[in-house]
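Student: Those sequence lines, one after another, are chains D and X.
Offset between the first sequence (1-based) and the working numbering: plus 7.
Offset between the second sequence (1-based) and the working numbering: plus 159.
Hints are computed from structural coordinates only; laboratory data are not their basis.
What you are looking at is a predicted structure, and each value in this text was computed from that prediction instead of being measured.
Treat the hints with caution; some may be incorrect.
Said to hold, decoys possible - Listed next, the in silico SDA-like pairs over lysine to any residue satisfying Cα-Cα at most 20 Å (straight line):
hint, chain 1, residue 1, chain 2, residue 2
1, X, Lys283, X, Glu298
2, X, Lys381, D, Leu118
3, X, Lys381, D, Leu154
4, X, Lys381, D, Ile132
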Amino acid sequence: MLEVRDLSVTIGRHEIVRIDALDIPAGGRLGLVGESGSGKTMTAMSIVGLLPFGARVTGSIMFEGRELLGRSDVEMSRVRGADIGVVFQDPSRALNPMMRIGKQVSEAVRLHMKLSRAETRERVIGLLHQVQLPQPEELLRRYPHQLSGGQQQRVLIAIAIACDPKLLIADEPTTALDVTVQEEILRLLVHLSEERSMGLLFVSHDLGVVRFVCDHVAVVYGGNLVEVGPTDDVVERSQHRYTSALLAANPGIPASDEIEQYVGRRLTVIRGSVPALGDFPAGCRFRNRCDAATDSCGESPPTTTLDGEHRYRCWNPVGRSVDVGTR
Amino acid sequence: MSALVEVRGMHFRYGKVRDHSTPWTLTDLSLDIRADSTLGIVGESGSGKSTLIRVLSGLLHHQQGSVMFDGRDLNDWLAKSPKDLRRRNQIVFQSPRRSLDPRMNIGRSLSQPVRALEQRKPTKAEMTEWLARVGLGNEILPRFPHQLSGGQLQRVGIARALSVGPDVLYADEPVSALDVSVQAQVLNLLMDVRAQLGLTLVMVSHDLGVVSRLCEEVIVLKNGVVVEAGRTADVLANPHDPYTVSLVAAARTVSLT
């Protein structure tokens, strides 16, 4: 359904995204994982044409056989909302504080569909019902500040799915929420995706969250796709050194048989920090922080296919032993 | 042995002293913190986690009940020797970028606690030693916050808190603003300095994984009330309160381990 090829996003002198291939099949759920500055949000927003002024995008973004790149703003605004829905990170900032919930949801419906007032109202109530908000009729008259963060995010999801999009882009939709609320929202997204066979592009810094939601995951670092594949496969048999380091650095909740030994056990560290834009090394972007880096890492690593869908770009993958002493 | 911090029936609300209309932010709180222990405070946003450590460290004043620090009432500390109280209780805040003055270079920010509490200017050698303790070099002293990464800034925040030799280090979500790949460095650092300096660590976190690594004991707050308290291992393995049960379950669904 979505095919991204040779995507490059440049701002000023810096190429901040360079992705050779990224696909989402119809109804598929892809997680885009990376740290701040990895280009994950830029990648997602380039699909719907929501990039900052001055950003140059080249390559190809095919959505249901249509090229999205190079379309006019008017055409893109028709795609957004109708074909592709977007949910942003902070629900309290994405809703208009001065507008009642009912109006904000019906605006999304009326913009893309020709419906009578009664039909619109019926559809809005139906949408609020689908995102599992209690008493939708009463909710229509509320203002955003009268809702909890979780409820606000549900309203935003209702707006995003108002016109039955084939793809939903969710950019860190639960980062601002409490852990228990996060779980509810994640379950809702999976439920909606399955029920409507709606594709999901889920942007997150949290591999654990992505594993819960997505069937496939793409790990980005420094604007490059370093590893992509079925989520469980990537988590359990990570090949790229960055993916495995990220997994090892995660504190996680101990399994019940190792709870006692957990306190005070040091975490595995990734040295250094994510470089500033333009300070990434050439070749493999991660090599200045990688414990397994060798001379060959100065060259851009080739794409290796592990089996079928699991691909990675690393000269010294985890599966291959590297003599770290000789570097 | 009595605890270093003893809280009995403490109530706190934001607002004026005689204002009885505002609801309590913290209600009838009782807890002990032993010297050299590690305590995690977890709960949802708005549950009073950050408020609690601000009361315990003397930044906010409770209205009812008692808070004893080292056998002496906190109000007495604040009235007679506030500087001693602050020297012995230091806080590391959530956002390192917002807790350092953007117009002060790192050296000046770093020297503030000693300037304020000991009325003297620390030497460069001292500051070098403080930075070395958190794994930073003294070349960053003349730099400004915007020139450093989030991880470096949080190290500066920790170095600054440790500069006055506190007994208790309060950390308010110390890694939640950091990248995942940097988070582990700062958590390890907290573990190391705690062990080296024999500090009591009280850490607020929404992340049960982080708490289970660093904190021997944990309290769970909900709406300003302690709903569960105990050894972290016991609470994780066998939570009793319905909220704790849902919290542990939700954390496990997104945990990678």
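Student: For the pair supplied as a hint, Lys381 of chain X and Leu118 of chain D, confirm whether the alpha-carbon distance does not exceed 20 Å.
Tutor: Roughly 42 Å between the alpha carbons, so the hint for Lys381 of chain X and Leu118 of chain D is violated.
Student: Mind checking the alpha carbons of Lys283 of chain X and Glu298 of chain X for me, to see if they're no more than 20 Å apart?
Tutor: 11 Å, holds
Student: For the pair supplied as a hint, Lys381 of chain X and Ile132 of chain D, confirm whether the alpha-carbon distance does not exceed 20 Å.
Tutor: Violated - the C-alpha atoms of Ile132 of chain D and Lys381 of chain X are around 32 Å apart, more than 20 Å.
Student: Lys381 of chain X and Leu154 of chain D were given as a pair; does the straight-line alpha-carbon distance stay at or below 20 Å?
Tutor: 19 Å, holds
Of the numbered hints given earlier, the model fails hints 2, 4; all others are met.
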